[in-house]
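Participant: Residue-level listing of the chains:
2 protein chains.
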Amino acid sequence: MTNVAILGFGVVGGGVAKLLTDNKNEVTALGGDEINVKYILDLRDFPDSEFADRVIHDFSVIENDEEVDTVIEVMGGSHPAYEYTVRSLSRGKNVITSNKEVVANFGDEFLALAKENGVSYRFEAAVGGGIPALSPIISCVKQNKLSEIRGILNGTTNYILTKMFSYGDNFENALSDAQSKGYAERNPDADVLGTDACRKIAILTALATGKLPETDTIPTEGITGIRPEDVSAAEKIGCKIKLLGRCVISEDGEIAVSVAPTLIPSDKLLASVSGVFNAIEVVGDPIGEVMFYGPGAGAGSTASAVVGDLMQIMCSGINTAAPVFEKCRQTSDFSKVLKAQYYIAAKNACAKCAEAAFGKIAEIDAPLETAFVTPYLTDAELSESVKKLTESGASIISKIRIL
Amino acid sequence: MTNVAILGFGVVGGGVAKLLTDNKNEVTALGGDEINVKYILDLRDFPDSEFADRVIHDFSVIENDEEVDTVIEVMGGSHPAYEYTVRSLSRGKNVITSNKEVVANFGDEFLALAKENGVSYRFEAAVGGGIPALSPIISCVKQNKLSEIRGILNGTTNYILTKMFSYGDNFENALSDAQSKGYAERNPDADVLGTDACRKIAILTALATGKLPETDTIPTEGITGIRPEDVSAAEKIGCKIKLLGRCVISEDGEIAVSVAPTLIPSDKLLASVSGVFNAIEVVGDPIGEVMFYGPGAGAGSTASAVVGDLMQIMCSGINTAAPVFEKCRQTSDFSKVLKAQYYIAAKNACAKCAEAAFGKIAEIDAPLETAFVTPYLTDAELSESVKKLTESGASIISKIRIL
Chain A
0 MTNVAILGFG
10 VVGGGVAKLL
20 TDNKNEVTAL
30 GGDEINVKYI
40 LDLRDFPDSE
50 FADRVIHDFS
60 VIENDEEVDT
70 VIEVMGGSHP
80 AYEYTVRSLS
90 RGKNVITSNK
100 EVVANFGDEF
110 LALAKENGVS
120 YRFEAAVGGG
130 IPALSPIISC
140 VKQNKLSEIR
150 GILNGTTNYI
160 LTKMFSYGDN
170 FENALSDAQS
180 KGYAERNPDA
190 DVLGTDACRK
200 IAILTALATG
210 KLPETDTIPT
220 EGITGIRPED
230 VSAAEKIGCK
240 IKLLGRCVIS
250 EDGEIAVSVA
260 PTLIPSDKLL
270 ASVSGVFNAI
280 EVVGDPIGEV
290 MFYGPGAGAG
300 STASAVVGDL
310 MQIMCSGINT
320 AAPVFEKCRQ
330 TSDFSKVLKA
340 QYYIAAKNAC
350 AKCAEAAFGK
360 IAEIDAPLET
370 AFVTPYLTDA
380 ELSESVKKLT
390 ESGASIISKI
400 RIL
Chain B
0 MTNVAILGFG
10 VVGGGVAKLL
20 TDNKNEVTAL
30 GGDEINVKYI
40 LDLRDFPDSE
50 FADRVIHDFS
60 VIENDEEVDT
70 VIEVMGGSHP
80 AYEYTVRSLS
90 RGKNVITSNK
100 EVVANFGDEF
110 LALAKENGVS
120 YRFEAAVGGG
130 IPALSPIISC
140 VKQNKLSEIR
150 GILNGTTNYI
160 LTKMFSYGDN
170 FENALSDAQS
180 KGYAERNPDA
190 DVLGTDACRK
200 IAILTALATG
210 KLPETDTIPT
220 EGITGIRPED
230 VSAAEKIGCK
240 IKLLGRCVIS
250 EDGEIAVSVA
260 PTLIPSDKLL
270 ASVSGVFNAI
280 EVVGDPIGEV
290 MFYGPGAGAG
300 STASAVVGDL
310 MQIMCSGINT
320 AAPVFEKCRQ
330 TSDFSKVLKA
340 QYYIAAKNAC
350 AKCAEAAFGK
360 IAEIDAPLET
370 AFVTPYLTDA
380 ELSESVKKLT
390 ESGASIISKI
400 RIL
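First to last, the protein sequences are chains A and B.
According to numbering that gives the first Met the number 0, the first sequence holds residues 0 to 402 in order.
According to numbering that gives the first Met the number 0, the second sequence holds residues 0 to 402 in order.
Warning: the hint list may mix true and false statements.
Same chains, same label: a pair holds when it works inside one copy or across any pair of copies.
Here are the simulated lysine-lysine pairs, DSBU-like style, with alpha carbons at most 30 Å apart [stated by the list, open to error]:
(1) 267 - 335
(2) 267 - 180
(3) 37 - 17
(4) 267 - 17
(5) 235 - 267
(6) 144 - 23
(7) 338 - 23
(8) 180 - 144
(9) 144 - 17
(10) 335 - 398
(11) 114 - 144
(12) 144 - 37
(13) 23 - 326
(14) 267 - 338
(15) 235 - 338
(16) 359 - 335
(17) 387 - 335
Because the hints were derived from the structure by calculation, they are not lab data.
My request is simple: use the sequences and hints to build the entire structure.
Facilitator: See below:
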């Protein structure tokens with residue numbers, strides 16, 4: 000009998016308890032042992048739940064129960080998730096989480112503490128919901144020279160952008176629709192401003208490079224500024240707009256991490272990832288590009304990833320290949336030499352003055368503004384060109400990188 | 000120092016040796032030990048290769064060298080791959096392969112023998128080339144009630160079908176083009192008749208269910224009969240045609256396995272998998288649908304999967320969760336109750352006689368023939384309806400299942 004405790008009986012916690020009950024046969028066969036949800040920690044009581052008798056309010060009961068092998072932290076937020084994780088690991092309990100905030104902020108510390116105590120800290124569900132992505136990134140691709148990990152990491156923003164592309168909605172209407180369907184929170188800032196995607200690309204960066212960038216150092220731009228005019232211009236050049244988290248790795252191992260709306264050519268499969276789905280793409284030599292795709296959120300899907308971690312702990316014992324993270328401030332020198340093309344839209348501009356500022360451009364037909372694609376530019380060259388164009392009397396409305 | 004022997008110095012064997020050399024730093028760090036390619040077994044000599052001094056012609060040298068930990072079998076074909084695998088495992092050596100034929104035919108025996116000898120038998124590269132798919136299927140999704148595993152498992156046929164869709168080519172021209180680009184062999188039968196996809200879906204079935212169906216029991220249809228008229232009809236109803244391997248699993252665990260051209264609605268991401276790429280999709284409860292995508296062949300990509308297996312052996316030791324296969328003749332009762340819609344094209348038919356034979360149909364506008372979509376039918380109902388239509392004087396030209 001393997002005893003587990005679930006911290007937080009919300010959507011994910013409920014999903015985990017349900018999976019362990021509904022799929023008891025699969026889980027017992029796979030893990031090689033019966034799993035018992037001994038405790039569920041929550042502030043609330045759940046008198047009508049079939050798990051009512053496991054609900055407790057005092058974490059120290061779990062901490063002090065030597066029968067509890069594994070703690071499943073699905074509370075969200077940094078505190079008290081941080082404290083409970085430290086206390087669990089210190090007492091020799093494995094910890095599994097779906098909480099990207101706490102992994103992005105303290106994953107380095109937790110992994111070191113787990114190692115010290117001979118237990119596992121796992122977080123497959125923290126990125127891409129149910130998609131098995133972290134586990135194959137840890138186990139299957141690192142023999143390659145990785146040059147990029149990128150992804151559509153937030154289902155809410157991808158749903159909004161898909162609506163804007165399919166129905167010509169503006170951002171506000173698409174957001175309202177997402178809220179009415181339960182895909183966006185009443186306060187949608189963490190999604191639409193890119194905060195959620197930023198945490199996830201920080202975690203992916205750490206898996207790829209061992210360096211966990213502090214999230215406040217990652218240039219992060221949300222989708223609130225995307226206009227129907229941008230959607231229309233993107234379509235004219237055969238692209239979709241996606242909120243993309245990217246970690247680009249130089250040959251010397253320097254990294255440049257960012258979150259920003261990005262134009263993706265439609266012939267890339269990533270451009271076809273629609274609605275609330277997520278996708279994570281790994282680029283390396285000699286593997287080429289591989290992609291992991293699926294539902295990025297939801298009780299069942301996230302629970303699948305959490306229980307998958309539990310199965311791996313039960314089957315493999317302590318993985319000697321567990322990742323090691325080291326906190327870092329993002330390097331900036333490398334990002335200065337990275338070049339990209341940009342889509343630019345401006346008022347009071349003309350093709351000729353755009354060309355004077357940017358060099359050879361490809362104009363996009365736009366009825367009410369001047370829109371064009373720039374040559375390949377570094378960040379510095381882009382700023383310089385934008386400045387030139389602005390000085391000629393134009394005002395920039397949109398500026399979106401092309402993948 | 001970990002000593003390995005490579006059996007077969009063709010495209011994949013060369014790719015493996017190159018990866019171990021080019022990415023020596025990555026591989027040593029990841030595996031925790033330096034890897035030495037001690038032997039390369041081939042019938043030929045390679046005097047100009049940097050590995051010339053490792054090339055040998057006698058397998059017993061490898062078999063009897065206790066320093067060889069792991070044998071990498073990338074020869075292809077059933078024999079002598081079978082014998083070398085048995086002899087390696089029996090002498091306590093791990094075996095890694097990219098050889099789908101030998102896995103589909105003897106995987107059950109090899110896995111049992113590996114277990115008996117306390118070593119690993121791994122074959123990530125046998126399905127989907129470099130895509131990490133088997134490993135996550137083994138480790139990350141089996142806590143779900145799986146209802147289907149399906150995939151675009153053959154890059155050659157997917158390239159041909161993509162050409163037919165993009166350029167209106169007929170099958171023969173698209174095949175010639177694939178041959179001229181090196182994507183298809185001079186004798187393309189194993190690809191275009193579905194044999195290769197059949198082996199791969201047999202392996203995926205075994206991973207999902209533990210039952211390895213004998214390939215001669217799997218209904219297998221290739222793409223040689225696909226006409227430009229079918230492509231055009233598919234487009235009219237918003238579908239692509241893909242050669243799909245499918246393993247459908249009933250709630251009772253019965254399985255129905257098949258390989259056949261299949262119409263896939265364009266709003267499914269699987270329909271957008273183009274060119275020589277492969278994709279494997281897993282459907283389960285509560286995970287939903289997840290997909291693994293990437294290059295399905297090629298020296299570098301396949302080598303990445305082979306070396307990934309080596310890394311996992313070196314990091315994790317013997318995986319207690321290694322799959323167990325049991326050979327089986329395919330069950331047929333379940334496939335008799337499975338229902339699907341079909342696209343049918345017929346000569347000398349009319350909408351009215353089609354409806355008399357099939358029930359309510361949706362006609363597709365086709366200039367030179369009668370084309371339509373049937374209601375949901377079992378195999379038996381389909382045969383019955385086809386018989387009725389034929390008896391009315393019509394002749395069936397195309398009959399393709401819709402996903």
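Participant: Could you run down the list of hints and mark each one as holding or not?
Facilitator: Each hint tested on the structure:
no. : hint      : in the structure
1   : 267 - 335 : within (26 Å within a copy, 38 Å between copies)
2   : 267 - 180 : both (28 Å within a copy, 21 Å between copies)
3   : 37 - 17   : within (14 Å within a copy, 51 Å between copies)
4   : 267 - 17  : between (37 Å within a copy, 28 Å between copies)
5   : 235 - 267 : both (16 Å within a copy, 23 Å between copies)
6   : 144 - 23  : between (40 Å within a copy, 10 Å between copies)
7   : 338 - 23  : between (52 Å within a copy, 29 Å between copies)
8   : 180 - 144 : between (41 Å within a copy, 27 Å between copies)
9   : 144 - 17  : between (40 Å within a copy, 13 Å between copies)
10  : 335 - 398 : within (17 Å within a copy, 56 Å between copies)
11  : 114 - 144 : within (26 Å within a copy, 33 Å between copies)
12  : 144 - 37  : between (44 Å within a copy, 24 Å between copies)
13  : 23 - 326  : between (39 Å within a copy, 26 Å between copies)
14  : 267 - 338 : within (19 Å within a copy, 33 Å between copies)
15  : 235 - 338 : within (23 Å within a copy, 41 Å between copies)
16  : 359 - 335 : within (21 Å within a copy, 63 Å between copies)
17  : 387 - 335 : within (19 Å within a copy, 70 Å between copies)
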